[in-house]
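Given the sequences, and given the hints that come with them, work out the whole structure.
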Amino acid sequence: MIDIDLTDDEALLAKTVRSWFADFVDNSYLNAQRDSADGYEAARWEQMCALGWTGINLPGRVGGADGTLAEAGLVAREYGRAAFASPLLATMRTATALDTLGGCDPVLSRIAAGGRAALVAPADRTVHAAPAGDGTYRLAGPPTVVEWLTQAADVALLLPVAGGETWICALTSPGELADRTVAVPSVDNERVFRLDLDGLRVTPALDGIAPRAAAYALARANLLRASAMVGGCEAVLEMSTRYAMERVQFGQPIGAFQAVRHHLGRMVIALDAARLTCNEALTRADRDVDETAIAAVALFAAGRSYVEIVLTAAQIHGGVGTTTEHVLHHHYLRAKAMQLRAGKRANRLREIHQALVVRREGSLW
Amino acid sequence: MKTVLGDEQLAFLAELRSYLDGLDPELVAATRAENIDDPMQPREHGRRFLRTLGADGWLGVSWPREYGGQGRTAIESWLLAEELYSRRLPNGLLTLNAIGPTLMLVGTDAQKAEYLPRIRAGELEFAIGYSEPDAGSDLASLRTRAVRDGDDYVVNGQKIWTTGASVATHFWLAVRTGPQEARHKGVSIFITPMDTPGITITPIITQGGERTNAVFLDNVRIPASSMVGAENEGWKALVTALNFERMFYHNEPRWELRQLTDWAAEAGLLDGDTPEAHALQATVGEHAVDVEICRLFALRGARLLAEGRVPHFEASVNKVWWGELRQRICSTGLDLIGEDGTIATGSPYAPAHGHLEHGLRSSPVWRFGGGTNEIQLDIIATQGLGMPR
Numbered sequence: 027m028i029d030i031d032l033t034d035d036e037a038l039l040a041k042t043v044r045s046w047f048a049d050f051v052d053n054s055y056l057n058a059q060r061d062s063a064d065g066y067e068a069a070r071w072e073q074m075c076a077l078g079w080t081g082i083n084l085p086g087r088v089g090g091a092d093g094t095l096a097e098a099g100l101v102a103r104e105y106g107r108a109a110f111a112s113p114l115l116a117t118m119r120t121a122t123a124l125d126t127l128g129g130c131d132p133v134l135s136r137i138a139a140g141g142r143a144a145l146v147a148p149a150d151r152t153v154h155a156a157p158a159g160d161g162t163y164r165l166a167g168p169p170t171v172v173e174w175l176t177q178a179a180d181v182a183l184l185l186p187v188a189g190g191e192t193w194i195c196a197l198t199s200p201g202e203l204a205d206r207t208v209a210v211p212s213v214d215n216e217r218v219f220r221l222d223l224d225g226l227r228v229t230p231a232l233d234g235i236a237p238r239a240a241a242y243a244l245a246r247a248n249l250l251r252a253s254a255m256v257g258g259c260e261a262v263l264e265m266s267t268r269y270a271m272e273r274v275q276f277g278q279p280i281g282a283f284q285a286v287r288h289h290l291g292r293m294v295i296a297l298d299a300a301r302l303t304c305n306e307a308l309t310r311a312d313r314d315v316d317e318t319a320i321a322a323v324a325l326f327a328a329g330r331s332y333v334e335i336v337l338t339a340a341q342i343h344g345g346v347g348t349t350t351e352h353v354l355h356h357h358y359l360r361a362k363a364m365q366l367r368a369g370k371r372a373n374r375l376r377e378i379h380q381a382l383v384v385r386r387e388g389s390l391w
Numbered sequence: 267m268k269t270v271l272g273d274e275q276l277a278f279l280a281e282l283r284s285y286l287d288g289l290d291p292e293l294v295a296a297t298r299a300e301n302i303d304d305p306m307q308p309r310e311h312g313r314r315f316l317r318t319l320g321a322d323g324w325l326g327v328s329w330p331r332e333y334g335g336q337g338r339t340a341i342e343s344w345l346l347a348e349e350l351y352s353r354r355l356p357n358g359l360l361t362l363n364a365i366g367p368t369l370m371l372v373g374t375d376a377q378k379a380e381y382l383p384r385i386r387a388g389e390l391e392f393a394i395g396y397s398e399p400d401a402g403s404d405l406a407s408l409r410t411r412a413v414r415d416g417d418d419y420v421v422n423g424q425k426i427w428t429t430g431a432s433v434a435t436h437f438w439l440a441v442r443t444g445p446q447e448a449r450h451k452g453v454s455i456f457i458t459p460m461d462t463p464g465i466t467i468t469p470i471i472t473q474g475g476e477r478t479n480a481v482f483l484d485n486v487r488i489p490a491s492s493m494v495g496a497e498n499e500g501w502k503a504l505v506t507a508l509n510f511e512r513m514f515y516h517n518e519p520r521w522e523l524r525q526l527t528d529w530a531a532e533a534g535l536l537d538g539d540t541p542e543a544h545a546l547q548a549t550v551g552e553h554a555v556d557v558e559i560c561r562l563f564a565l566r567g568a569r570l571l572a573e574g575r576v577p578h579f580e581a582s583v584n585k586v587w588w589g590e591l592r593q594r595i596c597s598t599g600l601d602l603i604g605e606d607g608t609i610a611t612g613s614p615y616a617p618a619h620g621h622l623e624h625g626l627r628s629s630p631v632w633r634f635g636g637g638t639n640e641i642q643l644d645i646i647a648t649q650g651l652g653m654p655r
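Here the protein sequences line up with chains A and B, keeping their order.
Here the first sequence is numbered in the numbering used here, starting from 27 and rising by one per residue.
Here the second sequence is numbered in the numbering used here, starting from 267 and rising by one per residue.
No wet-lab data here; the hints were simulated from the structure.
You can take every hint at face value.
Taking lysine to any residue pairs in the SDA-like style, the calculated list, with each CA pair at most 25 Å apart, reads: (1) B/Lys-268 x A/Ala-37; (2) A/Lys-41 x B/Leu-570; (3) B/Lys-451 x A/Ala-282; (4) B/Lys-268 x A/Asp-312; (5) A/Lys-41 x A/Leu-77; (6) A/Lys-41 x B/Glu-573; (7) B/Lys-268 x A/Leu-39; (8) B/Lys-268 x A/Arg-313; (9) A/Lys-370 x B/Asp-601; (10) A/Lys-370 x B/Ala-543; (11) A/Lys-362 x A/Pro-168; (12) B/Lys-268 x A/Trp-391; (13) B/Lys-268 x A/Ala-40; (14) B/Lys-268 x A/Asp-31; (15) B/Lys-268 x A/Thr-309; (16) B/Lys-268 x A/Asp-316; (17) B/Lys-268 x A/Asp-34; (18) A/Lys-370 x B/Leu-536; (19) A/Lys-370 x B/Glu-552; (20) B/Lys-268 x A/Ser-389; (21) B/Lys-268 x A/Pro-85; (22) B/Lys-268 x A/Arg-44; (23) A/Lys-370 x A/Ala-188; (24) A/Lys-362 x B/Glu-552; (25) A/Lys-370 x B/Asp-537; (26) A/Lys-370 x A/Arg-206; (27) A/Lys-370 x B/Asp-539; (28) A/Lys-370 x B/Leu-535; (29) B/Lys-268 x A/Leu-390; (30) A/Lys-370 x B/Glu-542; (31) B/Lys-268 x A/Thr-94; (32) A/Lys-370 x A/Arg-238.
If you want it as structure tokens, here you go:
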């Protein structure tokens, strides 16, 4: 099925990125990286940077390609389709958030030049900053889980100030956080760390950020994760469709059974829901629009659809889909992990309720 | 990503809104009440409303100018449907949105000349005669037979679930002209006035209070020139009309959600900070997500039409989502209301003006009308993914 939203240039970009991943990523490769010390290959990272993906939507003045968020979203989509793990998504999310906020060009320049970055912004706003004199803030809250923290050169902390009137953005490095960082195993093949920020004193790079500006920066960053999940949905539906045609039981392909066809029909609906909302959000999320509702809808829909699709795909594949010999298992594990990285379901839904129903943000009706 | 709604479309919407705001408030209120009561049968006020829209040039906005339309794209047509339904006003039902476009594709020049201008003017209302007592989802087994007799065909048989038959001016009728075993290759489509001698309509009243009908055809004579498409080749017209019909689902879930949120606002739960309010906000938040998805499914259909394609499995996706969502909003909405939700429509004490409980009673047809959702899922898997039948 084709994506009717893409321009010719975007379709070409998606095809290029897809074939780059398809060239070397398969289940064996993903298993090998999962079992490796670093979790990804430095050489592949350098290739992705050389292809310009980490800076695709960054401004030319920092060495970026001046592209759109939609283009970054398509890179993320193919990353998700391949179930590929690396600091790519974390770096692109950090870059997008900082670029949206503005005022962090040195970090963006390092990212555009091939540096890795990590973003610390607990989805459920569990860590707060309190003014501690001389322009500094003391952080308080429970430990939080951060992707690819120690592999990053730059770490951005984007946190609300206690009371919620403003936000701060502090820039730091894994070295400065080393005694607060513990590597923990992740459900999926991304690498995660438990970071305890409680009591840390920081001097923010950006101060007095309006809550709406912070929310919009995170919404744009999160659209990249949503798009990666859409890519995962596409991949899993395709492999399930193929399997339903190949797998013969009772003398016919299992896709000839109505029960299986109905599963597949539901998967199409789930994919289309995720893809259409994500594409619309990517289209609408220009730098200065400051509209978070549709992006939040896209993030929620992508997580819900990806999980629904992998659960159904596991049922269609049966035992073979549950083994580590099958690439479905990577998607199965990534779907729930990626959904959970958006935080607690009820909190996200209440935010969507506030934005869409109470504020009626961005709706023609 | 391609831009879908440009300045031209938004200007159209603004112009439409200003037109609708300027209509006679009594006509609008009466039409709305009638439409809420039974949306599938525009009666006295609904037809007056549609004729007004037709006379003012607001029906068939996406129709070609040669048929009296504005020659705009299907996107404007979608905007019109969304806007009208947001006000809970009719937008011409299947006559304007399925029969008209199908006639443009498969009708003869004489049929186009006879029907299209009057459909666009809001003067005609078609009832759709597909289902029979023994031919529901298995429509290709239909038995109502048309036999050639000179320049006419003589039709005998029975149709059922013919919603709108009692208020319709015309009948869009699927009949068997070939052998029974030819199934869909022996089906033809006719148009005949609803008052043709030999047609008897008996009411069937549903649990939601809406009227549908059984229609008996007893030696009904229809001129051969009233056949749509060639003999035994009516299936194409039928499927085309059904695909248009399945794109005919728009903003209804948003309207139902608004009934729930209006109730919640009065109950102090919409923006409240209690556990009960939080539970409502999470449930409504997911409904709001699903309403946005519903909007995008309908819009995708309009975009395909605007590109000159007829949505196929995409229409089925739209229809399944729309019907299940409406039913879900009514049911889970009542869950949030609780015991008071048992007070029936018509009582001034019914929460959300009784719209949710009325909706739940009306909801079964949303999941099987226009082709059951199970058939739709099969269409999605076979047409969309290439699964074997």
